[in-house]
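Fit chains B and C to the given chain A structure using the hints.
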Amino acid sequence: MKPGASSLRVRLPVFVFAVEVVILGLFATFVAYDDHGDARFQTNETKAMDNAVYKDYPFFADIQVMIFLGFGCLLAFFRLYGFGGMVFNFLVATFSIQWAILVQGYFQFSHDGKIQLGVINLINAEFACAVVLISFGAVLGKTSPLQLLVMALLEVPVFAVTEWAVLKYLKINDAGGSILIHLFACYFGLAVTFVLYRPRLNEGHAKETTSYQSDILCMMGTLFLWVFWPSFNSALTLKGDDQHRAILHTFIGLCASTLTAFALSALLNKNGKLSMADIQNVTLAGGVTVGASVDMMISPAAAYALGMVGCIACMLGYKYLSPVLAQRFRIQDQCGIHNLHGLTGLISSAAGIYAIMVAKEEVYGPSMYDTFRHRAPKEGDPKLLELQALIPGLQPGLGRSAREQALFQVAAIFSTIAAAAIGGVLTGIVLKIPYLSSPSDDLCFDDKLYFVVPQDSYSPLKQNKDTHKEETVA
Amino acid sequence: MKPGASSLRVRLPVFVFAVEVVILGLFATFVAYDDHGDARFQTNETKAMDNAVYKDYPFFADIQVMIFLGFGCLLAFFRLYGFGGMVFNFLVATFSIQWAILVQGYFQFSHDGKIQLGVINLINAEFACAVVLISFGAVLGKTSPLQLLVMALLEVPVFAVTEWAVLKYLKINDAGGSILIHLFACYFGLAVTFVLYRPRLNEGHAKETTSYQSDILCMMGTLFLWVFWPSFNSALTLKGDDQHRAILHTFIGLCASTLTAFALSALLNKNGKLSMADIQNVTLAGGVTVGASVDMMISPAAAYALGMVGCIACMLGYKYLSPVLAQRFRIQDQCGIHNLHGLTGLISSAAGIYAIMVAKEEVYGPSMYDTFRHRAPKEGDPKLLELQALIPGLQPGLGRSAREQALFQVAAIFSTIAAAAIGGVLTGIVLKIPYLSSPSDDLCFDDKLYFVVPQDSYSPLKQNKDTHKEETVA
Amino acid sequence: MKPGASSLRVRLPVFVFAVEVVILGLFATFVAYDDHGDARFQTNETKAMDNAVYKDYPFFADIQVMIFLGFGCLLAFFRLYGFGGMVFNFLVATFSIQWAILVQGYFQFSHDGKIQLGVINLINAEFACAVVLISFGAVLGKTSPLQLLVMALLEVPVFAVTEWAVLKYLKINDAGGSILIHLFACYFGLAVTFVLYRPRLNEGHAKETTSYQSDILCMMGTLFLWVFWPSFNSALTLKGDDQHRAILHTFIGLCASTLTAFALSALLNKNGKLSMADIQNVTLAGGVTVGASVDMMISPAAAYALGMVGCIACMLGYKYLSPVLAQRFRIQDQCGIHNLHGLTGLISSAAGIYAIMVAKEEVYGPSMYDTFRHRAPKEGDPKLLELQALIPGLQPGLGRSAREQALFQVAAIFSTIAAAAIGGVLTGIVLKIPYLSSPSDDLCFDDKLYFVVPQDSYSPLKQNKDTHKEETVA
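Residue numbers (the UniProt record's numbering), protein chains in the order written: chain A, 1 to 474; chain B, 1 to 474; chain C, 1 to 474.
The shape of chain A in the complex, shown without the other chains (with noise of 0.2 Å):
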């Protein structure tokens, strides 16, 4: 009996075939384009190169390369699921951009009925996607892509309202994603892995281990994140100063948390060997830690030194706290996401609050407004009119003070976490359909079972004996 292989030939045609069609019929009846791609709106004032796709898309093609390659490649770390992690994940990155064009679309993007189609939406659908493929960190190798379809079918609309809802009603500062993305798709994805909960993968499994050339593979990954990484971070901020800062602090965080990663694996480890698994992972944490305030001005230094911290957390993490959340909460989580999502969004999301708490006009000048848009005077303001003669087009405000507009990002946080771990609860509860044909334990982990495998001497459990026996000993 193969649970999960000849059943997959059925049921996971008839759930694309089916998802399809109503995806084409939702496209057909509400997708539209958006002013800068509908040939109609070419007037004799447009100018070709002020399109918007030229701003949008040299940070969209970087974001692409991340979500295929640099996922795809980071995924494909277990010596016999490299198929699963680098196909599954462009499995699920496929579909779930299709589906949050419709979904964040409906909520976010559409007038007069129709979704307004641009290169901005994919951008927004790739970090909705961002979402989805950190939440299959954690439960990767043990679900079937029919599983990881049904979760991104659940866990796009949870997170498309949980976005839209903190957006229009908390209105928060989070250029980066830290509360939004890495928050919301860490609880999720540990609250989809606690109720998948394997007792007996807390003993050990024999395939789940790396090889020399899958370790190699999965570097890969992380670099294709690292290079890119500031594109993500500054691909929603403001255009201008603001999206420069975002560049630069991203990469000053990631050059210190590399730096950091590596000397904490060497002191962390057995007689001062580096674990590829730390370099892997760990060397990414500044990435997110400074992404809530990625687009303040925070100072370089800051920057740095949210790097450092956040790597330390994050590392700490790995060794100290992850193995207690599978032994004793029942929280198996595969790549460790809650190290380099969450404890580090946390992080990132705090120094976020600390950024907004001390922002002055003496720092930032009268653009101060433009990027904590929520405290800029409300319309009617004397003061309105004052700071529009100094950056023209400001838009008016809340008129928040810092201590309110850092108290909506508290409540963000929360409500963005407690979103999440309802969201993947249910989401949970509805994978462990059996019609799902989730794989049996000894099946984890093993391409085998979802696809058809070279037959060559590559796969170490068939090929050296001895390997094999110490493997299904551990």
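Check the hints yourself; a few may be wrong.
Which copy? The list can't say, so a pair holds if one copy fits it or any two copies do.
[As the list claims (entries may be wrong)] Calculated pairs, DSSO-like style, for lysine-lysine (alpha carbon to alpha carbon, straight line, at most 30 Å):
hint : residue 1 : residue 2
1    : 168       : 378
2    : 383       : 47
3    : 273       : 448
4    : 270       : 360
5    : 319       : 273
6    : 207       : 319
7    : 270       : 432
8    : 207       : 168
9    : 171       : 432
10   : 360       : 47
11   : 47        : 171
12   : 114       : 239
13   : 47        : 378
14   : 273       : 47
15   : 360       : 168
16   : 55        : 239
17   : 207       : 270
18   : 171       : 207
19   : 239       : 273
20   : 448       : 270
21   : 47        : 168
22   : 448       : 378
23   : 207       : 448
24   : 432       : 273
25   : 207       : 360
26   : 239       : 171
To be clear, the hints were calculated from the coordinates, so they are not data collected in a lab. Since we're looking at a predicted model, the values are computed, not measured.
Coordinates of chains B and C only, in the frame set by chain A:
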């Protein structure tokens, strides 16, 4: 006796140096900088940031990744022919590009007896190079590097003449190159492999297989192509909303075809298992299928539907048509280019014609005559002045009706296929010259013939005795 | 006794944290945002899209890929030292960049006691980082991570001072960095490896070999470098036609050197077989060779010829010079940086001088004094006003003649090489301090010393007894 190996020691350098001397001479005599690259044309009205390089280079850079890393990894899928796939791709690509700069430049970019060189020519040359690389897919592993260089030497001019004649005399819409790139490349390649038919390969070849690592590498190639395909399809559209739509449609088409490919792979393979070959190739079908109408107002839903339809055709081609072509029609299409470029190219062309037929000013606004520029009124037509008031810079066209434009598209399809097929057959005949060191059947798909291969245990044929036996028998 | 392994447990963290505290302090004290990153400088005349980040960031992103994925994969070519090559590259690169931001910033970007930080500094810092990584190539596999960090700690300041002095006092043209990057890096690295001479390595080392997979990985590194090299060579040119030409020349030079490299590899290797080491390295020679004249009006044909000549010199260097340097001159140049950066750098510098000597206003127009800005007339010269009418914004220069400029280039070449060699020797002496845990000869080129290596069958030395014997004997 090792045909192709030691003989290359003299023949390859002789060919390369002869060709290089000719190319150098042609460069020295005919190639000059275009207005955006020539220092003399910098006047007191020139703004540095208006230089065309800033419009073209980002797209060029993306296409670079597709050509060298995308195709390079994609073609490295044979377990023992990874060097050949990746490295001959590199060789053929660099040669094709430099040759195309000259040949295409002569036909399309020469003024006053000089080829005007700018980054825009490099983009065009990389498209010509993509044509050669697609054709290369049909004969992968069965040709010596010298044969490949000769193929490029002949294919580039046949392509350049066809492209020039179609653009100059038939004047078609084909932003994504479905006709000129994909159909040409496909039927040229099929014609070559038809002439180079090797009956013994139809019985199966021990080395015509993948390994775990080569499948992963190939998958990375797919992802590079997938990620940057929007840049490929939009690089030569009009700037502004046309380019914006091209990016959106390509992305949506790819998302749809990727999801569909997973469903079909599970449906059509034994036990519902996914085949990496399907994921590596069929997921990309959507990028081709949207090509011919990629810049038009076809609606996002149509792009989605095109992605699905193209994917289905491509998948059925792999499963049912390719074996028939090989067994009955002597067409051994190594990478299945007929499925990924031929069938999808035909669907794309048909969709393009349909989109042309239904194009209306209500949908496009007056800029319809920008997108379909041959439909713009002729010089002297009063309607032209009227339109030019709305769309400044609109060029006079040919006053074609939708129906006329559609007929020219049909003519372009047939003449492109005919030129490709004839050129391919003639090229194939040239490639049979024994001097070109074609590999023997036994040494097909094997790096050992052309490379110093590291003496390591990774080569499965050496290491694993059992596998070895199976393979030499098979 | 395992030198370098357990000892790193304390030494690496101590070094890293000490350095981080210093860097953090320096960032806090001296680093501020430049005008394009500082919110205060946003006025009612600031246009967000005019921010320098949009001119610099696309080039920066390309260079990021080259540094981390290009160099990372290229240096991972040893079969048992893939982690070391890729991961120490990552470590050294991130450390060098943060250190260069400070040191280069102090010399070149400080105003009013503050280093003005923008993306342009990051590009400059990545160039300093490229210098360290090239030098690293000479000692790859023979140095501990601690030694590498110390090398970077010393090389960055020596480089930054040399760069500053050459630019400030000699005022040279060197857009592609042939002198300041390639020659400096090469002779610094050779001097270091000269001091670290290991006689036993000249007898051959069992682990100094590649595997099939490591060769493919390295090839990917080559392709990343190849694809983005035009961005590297053009990142710091003047905007507009100068940058356009830099892109064109680099691309043409690389095409020529790639084709030549294949011919020479077949010609010079046994049986006409291609060597992957040649393809991985020599194909890139053209990118270096065009460097010094990359923005000048040298003509596309000259770029082509430079690519060929550079490639020939580089290939002959690998075949005939490198063994002599190792055997006779105690210079064990692990990656052959003398061929790819030294010989080609010298040719490039010579070509640059020639291009300067023949530069004429007929060819360049008045913008000649932009490209060669030290040749612009001095302040007060009536010719300056005349030229400024034609080229607004032209800065007064030094009124140098072509010959004078050429002499300063020569002076720059010699002083750069001298500074590099002296700095390299001194650095090498420091690296011999036993505290830095240099690996023993036996454990060179072996990841086991510094990494927790997966217990898998991929490691050929364990698995395949026969191969093992051959290797230990060899």
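- [ ] Output the numbers, in ascending order, of every earlier hint that fails for this structure.
- [x] 4, 8, 9, 14, 18, 19, 22, 25
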